[in-house]
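Just so you know, the protein sequences line up as chains C and Y, in that order.
Here my numbering is used: the first residue of the first sequence is 1, the next is one more, and so on.
Here my numbering is used: the first residue of the second sequence is 1, the next is one more, and so on.
Mixed in with the good hints there might be a few duds.
Unchecked claim - Okay, derived cross-link-like pairs now, SDA-like style, lysine to any residue, Cα gap no bigger than 25 Å in a straight line:
| # | chain 1 | residue 1 | chain 2 | residue 2 |
| --- | --- | --- | --- | --- |
| 1 | Y | Lys266 | C | Asn78 |
| 2 | C | Lys98 | C | Ala84 |
| 3 | Y | Lys250 | Y | Lys266 |
| 4 | Y | Lys258 | C | Asp114 |
Calculated directly from the structure, the hints in this document are not laboratory data.
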Amino acid sequence: MNRCLPCLLSAMLVLAACQREERETRPQSALGSGDQPAAVTALEPGGQRPTSSDNKAGVFEANAFHLSEGKRLFNWFNCSGCHANGGGGMGPALMDQKWLYGSSIESIHATIRDGRPNGMPSFRDTIPDDQIWELAAFVRALSGNAPSSAAPGRDDDMMPHPSENRLPDAATLGKSP
Amino acid sequence: MSRGVWTMCWCTACILLLAGCSGWQSALDPKGPAANELAWLIWFFTALCTVVWLLVMAVLIVPLARRPAPVGDPLVLDAAAERSKMRIVVAALAATALILVGLTLLSYFANRTLAAIGSDAALTIRVTGHQWWWEVRYENDQPNRILTTANEIHIPAGEPVRLVVTSTDVIHSFWVPNLSGKLDVIPGHENVLDLKADKPGVYRGQCAEFCGAQHANMSTFIIAEPRPVFDAWLNDQLRPAAAPVSAEAKTGHDLFLKRPCVMCHKIGGTIAGGTVAPNLTHIASRQTLAAGTLTMSRGNLAAWIANPQGIKPGAHMPVVRLDGDELNAIVAYLEGLK
Ligand SMILES: [Cu+2]
Chain C
1 MNRCLPCLLS AMLVLAACQR EERETRPQSA LGSGDQPAAV TALEPGGQRP
51 TSSDNKAGVF EANAFHLSEG KRLFNWFNCS GCHANGGGGM GPALMDQKWL
101 YGSSIESIHA TIRDGRPNGM PSFRDTIPDD QIWELAAFVR ALSGNAPSSA
151 APGRDDDMMP HPSENRLPDA ATLGKSP
Chain Y
1 MSRGVWTMCW CTACILLLAG CSGWQSALDP KGPAANELAW LIWFFTALCT
51 VVWLLVMAVL IVPLARRPAP VGDPLVLDAA AERSKMRIVV AALAATALIL
101 VGLTLLSYFA NRTLAAIGSD AALTIRVTGH QWWWEVRYEN DQPNRILTTA
151 NEIHIPAGEP VRLVVTSTDV IHSFWVPNLS GKLDVIPGHE NVLDLKADKP
201 GVYRGQCAEF CGAQHANMST FIIAEPRPVF DAWLNDQLRP AAAPVSAEAK
251 TGHDLFLKRP CVMCHKIGGT IAGGTVAPNL THIASRQTLA AGTLTMSRGN
301 LAAWIANPQG IKPGAHMPVV RLDGDELNAI VAYLEGLK
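In isolation and in its complexed conformation, chain Y is listed as follows (with noise of 0.2 Å):
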């Protein structure tokens, strides 16, 4: 191949290799405060590290390259050249500590920023892990104003908030790259994790320490919105669930209540009030389902109920026996519940 082919090949491979560094999940594309800080502080200790590993280099390899001086007798001192010796190594001694002593007061500082950006975040959200998928609940000193849901975190763009994580089975890992470091989630434990997005958009999260079979299937989405579209997203999940329009909705809506459904899903307004499974009072208004496995539609819907075990094995939901007819009335109402 001629050398243009080859410079192509180099240049296509790197633009690709950048373009991972964009988009909805990376730490290398900030859209926040906290994230920022990381950001900065890693491109910063990249560049450094590579400048000191490239002058190591240069100095094993530039003796290598030379031809060595004629070996003269050992018995002979020269006490000059020998301190100049010294003084080389004593100076690369303290540059290496002087280097390291300044990243660390650098990654102390930008801890010290981390810290301070939800100091008066207005705004709680509790988000608990679970065996795969993560329950949010926003606090309010109001208890009707409490809200669970599930999976999704929506925010209002441009203000702190501070999320309280914990868990209920084991350890996970809460990670939004694009806004926010890691934050291991333990159970029995509370750890507070501040962050802020700076302009209205969606930020996927996925967890961060294996925690069993489904771990890789266990994301959720930060969906940040002007104050005022958050403000009316809250009042509307406030609601209780939508009442069955149609007959096969009111069908599904009673079979729901009948089946095992009600024993783990709490549907707001009804007798379902299970606790241990995801919030289903407006699953419909979610964009996906199953903690990002799924897209939201009713073929996905149906898909899920049937078989959630054929989508992601060993999830602790299990197979329930439907007919058809049911399983399609089921879906009917659970697609109405906006």
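Same shape as in the complex, but just chain C (with noise of 0.2 Å):
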């Protein structure tokens, strides 16, 4: 028995490595719907958009799954078609800590969801709820917020810098520790 002991308590920890991240690939209909009421004015107090009641966004964040989704669907949305992956053509670039519409997960899925004035289109209708926020999370892993166990570790194109998960924290960026 009291060999058994440790035998038991180390095979207990090497299942316990088993354990992987969720895929949830289904719609998350028990949280928020997603489906806030549109935007009445295109004007923001501070360029934050008010943060609804919709507790997806916290799923969503930092989610290694959701994350590496967003990257694909990036380019399979055209997104890098106005901006390139991540540097900014026709539309800003996304790598850098300049945010029009605010730097919120909430903000960004407003953006793209209902569209920005100066050419940002609306992808309400064609992209499912879900997918707007694997986007949204996604645009905040370009420019180092998210965090890099969960941001994507992977390129398939030539990607003007290195994978997501190697940029540096943009919380610490350019102060001394």
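Dock the two chains into a complex; use the hints.
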């Protein structure tokens, strides 16, 4: 018995490593619907959309699966056509720390869903809500605003920067520790 | 149990085992010159290696079974006996080397035959592996005769065709066992596979390199048809999509173009021009859905569109929220795209 116990314990420890991050691929209707009322005006005080009660953000923000899906969709839905791979083109750069409409995931979600006046189209009907959240989470990762443990580590195309998980952390960038 | 019953059991087991060798996805049931060559090679290798193995076992077992000879004086040298033992060892070594060189030569010449099959192929088909489906493009010098479809590869029977395989994401492997060997499908690199189907038929293929969650549901079908049937099929597929006839299908058409479907899928003759997902211009003319996961039917179409993540979890088609009427309308439209 005495000898079994350490064996059992270490076996349990080893098995604990089998835990994998859940890949939630179906819409999470139990959380917020994502169907917030449309913005009545494009003017938002401080460039920040007042965050609603939608608690989907937390699910998507630091989830490796959703971030990598967002990275794939960024190309599939041709965001790169206007924003390049984050460097900017006809649309603004998304890999810098300048935000026209706020840096929170809720603001970015609103940007993609409702569009913005100076040329950002609305994807309200053409991208399912969960996929908009994935894109928003990835857009934040482009500027180092996602935990490096979850940000995508893979580049399929020529990119202007290393993969997102190797970007410097936006929170500490330029500040001495 | 009596001996008769045992014999019966053995025979049935053997017959069942052998039955696994035939069918629409088996390398041991060759239906074309490339697969023939490979099947012949595997049978020859197996037979020869079995003979060698049996010989080696016999040489091991015979002395074990014999009574050991009395041990003589180890200091007495029997030169003649030593020499004859030496000769046996050298002969065995020479036979091994000869067999290995012989088998190498055989597979070398088999490879040459494989490479020669498609040297005069009139038809080049580009097969691109995606997670987890196959894009199929028929090349042509005239751009308006280039055809893009998915998962089903129609070819003329009795004619060599050249497949150029590549990938956009990870490594896959293209394998239609009845017609040819495996070939890796590598992103950013083109591999060439020549094959020929001797007779008309449907041959199932399967991705043979683990490529992610739905690797098991990534199959393809080669449909070999007589030349006239193939030509008719090709001309049919080159037409733009059929216009919706019923009111319901018309609604479905409009919905398809307003909803996320339009971002990923192409339907020739409409504004839907996505290239990241299977081309749906003639979706209803295909026999299966989602790379062989479902058979084609109205019910399965509806099931797939309502919940692709329930049927093929992880597939790169998201669940799109549609109410019952919208779903029915879209299905009615797609069902008409023959
Ligand atoms: Cu695979």
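### Message
Can you confirm whether the C-alpha distance between lysine 250 (chain Y) and lysine 266 (chain Y) stays at or below 25 Å?
### Response
OK: lysine 250 (chain Y) and lysine 266 (chain Y) at ~17 Å, within 25 Å.
### Query
Given the proposed pairing of lysine 98 (chain C) with alanine 84 (chain C), does the C-alpha separation stay at or below 25 Å?
Judged against 25 Å, a Cα distance of about 16 Å means the pair holds.
### Query
If you draw a straight line from the CA of lysine 266 (chain Y) to the CA of asparagine 78 (chain C), is it 25 Å or shorter?
holds, 15 Å
### Query
Does lysine 258 (chain Y) pair with aspartate 114 (chain C) here, judged by a C-alpha cut-off of 25 Å?
Holds, at about 15 Å.
When each numbered hint is compared with the structure, no violation occurs for any of them.
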